[in-house]
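There are 2 protein chains.
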Amino acid sequence: MHDADLIRLTYRIETPGSVEAMAAKIASDQSTGTFVPLPGETPELKARVAARVLSVRHLPPVSASAFPDEAGDATEFNCGEAEIGFPVDAVGTDLAALMTIAIGGVFSIKGLTGIRITDLKLPLSFAGSYPGPQFGLPGSRRLTGVTGRPLIGTIVKPALGLRPHETADMVGELVEAGVDFIKDDEKLMSPAYSPLSERVKAIMPKILDHEQKTGKKVMYAFGISATDPDEMMRNHDLVLEAGGNCAVVNINSIGFGGMAFLRKRSGLVLHAHRNGWDILTRHSHLGFEFSVWQQFWRLLGVDQFQINGIRVKYWEPDESFIRSFKAVTTPIFDESDCAMPVVGSGQWGGQAPDTFAANGSTDLLYLCGGGVVSHPGGPGAGVKAVTQAWEAAVSGMPLEDYAREHPELAEAIQKFGDGRHA
Amino acid sequence: MHDADLIRLTYRIETPGSVEAMAAKIASDQSTGTFVPLPGETPELKARVAARVLSVRHLPPVSASAFPDEAGDATEFNCGEAEIGFPVDAVGTDLAALMTIAIGGVFSIKGLTGIRITDLKLPLSFAGSYPGPQFGLPGSRRLTGVTGRPLIGTIVKPALGLRPHETADMVGELVEAGVDFIKDDEKLMSPAYSPLSERVKAIMPKILDHEQKTGKKVMYAFGISATDPDEMMRNHDLVLEAGGNCAVVNINSIGFGGMAFLRKRSGLVLHAHRNGWDILTRHSHLGFEFSVWQQFWRLLGVDQFQINGIRVKYWEPDESFIRSFKAVTTPIFDESDCAMPVVGSGQWGGQAPDTFAANGSTDLLYLCGGGVVSHPGGPGAGVKAVTQAWEAAVSGMPLEDYAREHPELAEAIQKFGDGRHA
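One line per chain: the protein sequences are A and B, in this order.
For the first sequence, this note's numbering assigns the number 3 to the initial residue and increments by one for each residue that follows.
For the second sequence, this note's numbering assigns the number 3 to the initial residue and increments by one for each residue that follows.
By construction, these hints were calculated from the structure, which means they are not laboratory data.
In this text, all values refer to a predicted model and were calculated from it rather than measured experimentally.
The reader is advised that the hints may include incorrect statements.
As the list makes no split between identical chains, a pair holds if one copy fits it or if it spans any two.
[Said to hold, decoys possible] Straight-line Cα separation of at most 27 Å, DSS-like style, residue types lysine-lysine; simulated pairs:
#	residue 1	residue 2
1	417	266
2	112	417
3	219	112
4	203	215
5	203	123
6	328	203
7	266	203
8	417	218
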């Protein structure tokens, strides 16, 4: 079988037993294997659909198991990464099938004390089967008219509790402040005190008036997520008909089905929040690497992907964020399937130099909540400070030096610097 | 605020710091909280939507953290269960919103070394917002005509690789054997070597012929899962139009959106496989209790819920299975929202006495793969053996005693007994 017909997955295996044996078990269980030889099981059909172990790379053993209840009497756990190939003929190109066949069942195998999916290489046959992003980075730049620097965005806060007219007042102020992008907090969808329809009605005039006056259309991402895809489409249509161009989608809550349904019918930039994802990745011997998981969502159509940032206020080590940035900007098949990285959480501009140094790019949406709206000089000064921080980062000048001639940045450093978060 | 207006969630918290402080942080972060006081944040709006800690129950501290990379220098980790109430006015009754607001973000909070959602109590306002199961236990009994004992089911094996005519041959044999229920392995959806349309065309005549001859219609669950809800509906329609009445749905792969879309339009019994779920529950200080997670899916419309069994071949302690059995058969609001428990994995009848002793019920679907098809006397003898095992269990007679006059059971004990798995 030619390699082009294989889906290749890498599993980080932790076990008191043999890593090789566990890899072989994964390959068998997840394709043709059963525990009792069966009459219909012929060598011919095994060859047609069997997964096989391509390689095993050993890692140093560990002294504590990821699943402690599985440890038994063992005091040392063998570790390794096994690459397993699944014939695309056996799986097809359906992502739900791939998730079920090659990933889902693996998490329940006995004898594993830890299991993590660390790599996924899809064959070309997946390329034509999914729409991928409709807008991505180029669409996001075109719609906002921003070139040569990151898009500067902010989030309406507090997360919950503002009524539509209160949100719209804040949006009016933020639009005046010069931001490129504003979003609903991901937790705000359509509660009784702020139905999406009312929010759209209150907010869009602020966006459109500002566009009329200045020619600059701020991208506003409305929280359209809903359990029922039909309802989510009605939400989508409300935004589109009112002249909006973006939506926040909680991908992990709506699932593959919600995302696939929406993307097929969408006219909006789809800004993905991965809310809930952390439980699947926070333990290095359990769950998934983001580089694996994000491929599913990009093929399904995510345009802008929230991936945290440097020195965030929630959990994520900087090096994990840097890997995520690389992941979403690396083609699966070609440039068109890349998502625009959305860098956020506790950002105020102070992390711009390290962000630029690590990723070498300004092709991103830089999201600052408190970093913009809690700037001592108000949101307008906040946007200036963040922009100045990126100018400094790109020119290679230390922030403190650049701040000497840029008072907004100086004030931001005064308020948010020294490890304090925005 | 009256309790009827609260969504109550319980969080098992593990932290080197204060459990109370962490509970307060969850309540704040997941509703109105931000890290910097903001202009729009008034006491009035906080009162309207703020979550609040209702109680904290301390648990013994542990010496190893669930997230080892978060442990720092700590050698002891405080544990406790905090109940937090979320005003339904703030969340609404959308399940994706509930997942996002009350659960998703919690997994990323810093300072936690472990976090698990252990209980969920929904207010009555959710009852009218979701369809719940369309068939459940009564519908499954009515469609199969089986009363007074568990439905006996089996799975076509091997999981992958049989072509439609090969599968149909096996189905013909299983139907003759007297099973009540047959399903595709959850990993079989619609690959090129066995497109669902071909499988339906080959299998349904076997089911319908048998019904013509005997009056007994075997319930066959076809694997209709697909990433794209429109495609899943076409799969659904194929089955329904051919006279089928059941479908396997990989709920964790299709997500809330896929499930909600399907249920609204479904005429089939929806048999849920939770493939992939284990990674969210296998560590007792991480993820979810099944009792929480299953409520979402039952409200969305799961009729039959796979929940493992006693002495299974994959991971799950017996006591966890027993809790799951209780969970799916306990009303959220009333009996109509209960799912039929599907007991499977390594079952052959030998676990019937312990299963009956633990749950006190025969209202279940008992799924045996190898336990039926690999019986030394063939599938017909396998079905008889399993039925006899349940007769013994209900009558309180030891299997070995009952086997004296029931040769099929005796053969099954011979082959599968002593801890060997089917």
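Residue 417 and residue 218: within-copy, between-copy, both or neither at 27 Å Cα: Result: close neither inside a copy nor across copies, 29 Å intra and 76 Å inter.
27 Å Cα threshold - placement of residue 215 relative to residue 203: Classified as within: same-chain Cα gap 19 Å, cross-chain 63 Å, threshold 27 Å.
Homomeric proximity label, residue 328 with residue 203: Cα distance no greater than 27 Å: Answer is neither; intra-copy 38 Å and inter-copy 47 Å both fail.
Within, between, both or neither, where residue 417 and residue 266 count as close if Cα-Cα is 27 Å or less: For residue 417 and residue 266, the Cα distance exceeds 27 Å both inside one copy (45 Å) and across copies (52 Å).
Intra- versus inter-copy proximity for residue 203 and residue 266 (alpha-carbon distance at most 27 Å): within (25 Å within a copy, 29 Å between copies)
Same-copy or cross-copy closeness of residue 203 to residue 123 [CA-CA at most 27 Å]: Classified as neither: same-chain Cα gap 44 Å, cross-chain 34 Å, threshold 27 Å.
Residue 112 and residue 417: within-copy, between-copy, both or neither at 27 Å Cα: Intra 52 Å, inter 22 Å, cutoff 27 Å: inter-copy only.
Intra/inter-copy verdict for residue 219 and residue 112 if alpha-carbon distance must be at most 27 Å: neither (55 Å within a copy, 36 Å between copies)
Checked against the numbered hints given earlier, this structure breaks hints 1, 3, 5, 6 and 8; the rest are met.
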